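So the protein sequences, as listed, match chains A and B. In terms of the working numbering, the first sequence is residues 1 to 303. In terms of the working numbering, the second sequence is residues 1 to 164.
Hints are computed from structural coordinates only; laboratory data are not their basis. Every value quoted in this text rests on a predicted model; they were computed, and no experiment measured them. Any given hint could turn out to be false.
Calculated pairs, DSS-like style, for lysine-lysine (alpha carbon to alpha carbon, straight line, at most 25 angstroms) [unchecked claim]:
hint	chain 1	residue 1	chain 2	residue 2
1	A	Lys90	B	Lys25
2	A	Lys10	A	Lys51
3	B	Lys25	A	Lys53
Not close to chain A: a few residues of chain B, all C-beta gaps over 10 angstroms, as computed [unchecked claim]:
hint	residue
4	Arg22
5	Gly70
6	Leu85
7	Arg86
8	Glu131
Ideal Cβ placement from N, Cα and C applies to all residues, glycine included.
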Amino acid sequence: MLKTLEGRNKSEIASLLSAAADRFLPSPDESREKSDFESAVESLLRELRGKEKIPADDALSSRARTTLLAAVVQELRGWLLDQQRLTEAKARLGQRGELPPTQYRIQFEPSFGGAQRRGITRSHAEDALINGQFQHLLPDITGGGSSSALSLYTKQHQSAGRASDSFVLLVQAKRSNDVQLVTTAWRVYYSDNDLTNVADPLDVLRAFVDRYGLTFTVGADPQERKFILYETIPLPKDAQTDLLKLHNKAGQKFEASNLFRVRDGVAEVAIVYAIDIDRYAEDLRKHGVNVEPLPANIVSVTR
Amino acid sequence: MATSAGLLYSTNVFLKHHIQQRYRKDVHYVWCSEAFDSGALARYTVGAGVPPTSNPVDIYRDLKEAVRRGDSHNAKILEQKASFLRLAVAWLDAREISQDESDEIVYLVTNAPFITYWRPLIYVIPRGPVEGRLERVPAARCAGLGPEYIIRDLKGTEFDLIEP
Numbered sequence: 001m002l003k004t005l006e007g008r009n010k011s012e013i014a015s016l017l018s019a020a021a022d023r024f025l026p027s028p029d030e031s032r033e034k035s036d037f038e039s040a041v042e043s044l045l046r047e048l049r050g051k052e053k054i055p056a057d058d059a060l061s062s063r064a065r066t067t068l069l070a071a072v073v074q075e076l077r078g079w080l081l082d083q084q085r086l087t088e089a090k091a092r093l094g095q096r097g098e099l100p101p102t103q104y105r106i107q108f109e110p111s112f113g114g115a116q117r118r119g120i121t122r123s124h125a126e127d128a129l130i131n132g133q134f135q136h137l138l139p140d141i142t143g144g145g146s147s148s149a150l151s152l153y154t155k156q157h158q159s160a161g162r163a164s165d166s167f168v169l170l171v172q173a174k175r176s177n178d179v180q181l182v183t184t185a186w187r188v189y190y191s192d193n194d195l196t197n198v199a200d201p202l203d204v205l206r207a208f209v210d211r212y213g214l215t216f217t218v219g220a221d222p223q224e225r226k227f228i229l230y231e232t233i234p235l236p237k238d239a240q241t242d243l244l245k246l247h248n249k250a251g252q253k254f255e256a257s258n259l260f261r262v263r264d265g266v267a268e269v270a271i272v273y274a275i276d277i278d279r280y281a282e283d284l285r286k287h288g289v290n291v292e293p294l295p296a297n298i299v300s301v302t303r
Numbered sequence: 001m002a003t004s005a006g007l008l009y010s011t012n013v014f015l016k017h018h019i020q021q022r023y024r025k026d027v028h029y030v031w032c033s034e035a036f037d038s039g040a041l042a043r044y045t046v047g048a049g050v051p052p053t054s055n056p057v058d059i060y061r062d063l064k065e066a067v068r069r070g071d072s073h074n075a076k077i078l079e080q081k082a083s084f085l086r087l088a089v090a091w092l093d094a095r096e097i098s099q100d101e102s103d104e105i106v107y108l109v110t111n112a113p114f115i116t117y118w119r120p121l122i123y124v125i126p127r128g129p130v131e132g133r134l135e136r137v138p139a140a141r142c143a144g145l146g147p148e149y150i151i152r153d154l155k156g157t158e159f160d161l162i163e164p
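Chain B on its own, in the form it takes in the complex:
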């Protein structure tokens, strides 16, 4: 199996997609990889170096299992909760959202039911239209050796959602 050169993959929870769609004008911040499953790649391809903590399929499996078990102390979900709460404060401080909107984000993050709002979604991103906006994550910040990218302003129309 090879990387699909024209595509990028990112796994995110439904709540993140909802918050960015509803409160960020459908502009999404994503951390993505060239391979959906680096473990399935040939050993010496570059994408094969992405470790489980950054590998989209492993993140997907981890979140899916956490949701199935109702594990609110799953590390990835806790990280997401902390991130959204921190962002609710930061966006409000920057006057990018209102106090009401900040409150609604905090409500959803802390009260949304597990099965529906924390379920993982896979973003499939055609690379061409976003090539100029890809930021390579510095090697020291990557979880492994494979290439990882950030897109800070991915529009809702620039990717497809898959929920296997």
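Just chain A, with the same shape it has in the complex:
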């Protein structure tokens, strides 16, 4: 620890280092406010000059000034945030979708196995998460619990061969603090989907569901839908009624993404859609994708 800082509490140290930083910053004010630490700041800067081996006869050349300012910033950073609070700050930012993409940790949910059977590897998904376009979603209606924080990522893949084989890789994840839990991913082909007016990853998902989605009803709402994002839907009073009723034909395979929680007589839905997987697999095979035999149904459900 620097001698000037010894015997002072954290708050005093933060104020002292702030006052030292202030010496280097442009200010429009004619007379800069004198801090309570003028002599301590002088002592601190002398000490840092010595530590950084800035010659005594260097009256702050631009190089010396930069070195000294970097040292002040380094000290400030160390004192303002310990490892515990740094971890907590990162987690909060992550949950709100305010972390830079490269700072999320990536994990895969078991449901990602469905995407792997359709030729999408973990590295494909990771590439989209790190290098793709992203959209972090948070509900306006449910107060944003961790289970309802979704992120969508897209990465364009241009085919070197047939133009019709170019697609957008769409990756869906749940945010849990600074972790992205990848739940599924889809190849969305330009030639099969209407992507002419899409502006963001959510538009891509909507276009994809519009083509391959199956209809369903939720709770007491009789309306048939293909896609729900962040809605609160009343539950039926009759306990026998299905919470989610999918309108698929007998034996028709689907892959569903359902994320909701039930409380106080309502379903707080983060996202619901179900893909007609046979129809989608048929299109994938036309593009030369090797689709492994698909299990009966894959349902990614979080209640």
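For this one, chain A is given, so just place chain B on it according to the hints.
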């Protein structure tokens, strides 16, 4: 080329815009000039006196190059880091932000990736609506002879962002 009498220009990093938008209710503190590129102005116009350290286009080029090179010791970026850290302390002391918010600012300032968070943005500010709030920077505090201004409470709706 002349100054555009109706506009003011300021160059700031994306992180500054983000912090002021997120933690200061979208109220921005800016240091601005009448010309985007004083070097391109006729020699005897007033705005032509703004030196490189205050000239928006020179600040933009300096930051852009620093980001391209990943130069974390660029003087302007270091100044910005020091300024945000100092402000995180000052705002917390003044109870204008919470401890959590202060921590988040410190996290972002010290961990945000260079390419995305330190990239420069240009603020284009229509002068009319802010005329009454312009504070002329005292000559002794200006980097050169040209006029420079401070706006302490520029609202997010009062300027456009350009990222060439």
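Hints versus structure:
1. With a C-alpha separation of about 21 angstroms, the suggested pair A:Lys90 and B:Lys25 falls inside the 25 angstroms cut-off, and the hint holds.
2. Between A:Lys10 and A:Lys51 the CA atoms are separated by roughly 21 angstroms; this keeps the pair inside 25 angstroms, and the hint holds.
3. Taking the CA atoms of B:Lys25 and A:Lys53, the gap is near 42 angstroms; set against the 25 angstroms cutoff, the hint is violated.
4. Listed as outside the interface, B:Arg22 is inconsistent with that label: its C-beta sits roughly 7 angstroms from the nearest C-beta of chain A, within the 10 angstroms cut-off.
5. Annotated as non-interface, B:Gly70 keeps its C-beta farther than 10 angstroms from every C-beta of chain A; the closest such distance is 14 angstroms.
6. The beta carbon of B:Leu85 is not kept farther than 10 angstroms from every beta carbon of chain A, the shortest such distance being approximately 5 angstroms.
7. The claim that B:Arg86 lies off the interface is violated: its Cβ sits roughly 4 angstroms from the closest Cβ of chain A, which falls inside the 10 angstroms cut-off.
8. At roughly 17 angstroms from the closest C-beta of chain A, the C-beta of B:Glu131 stays outside 10 angstroms, upholding its exclusion from the interface.
Hints 3, 4, 6, 7 from the earlier list are contradicted by this structure; the remaining hints agree with it.
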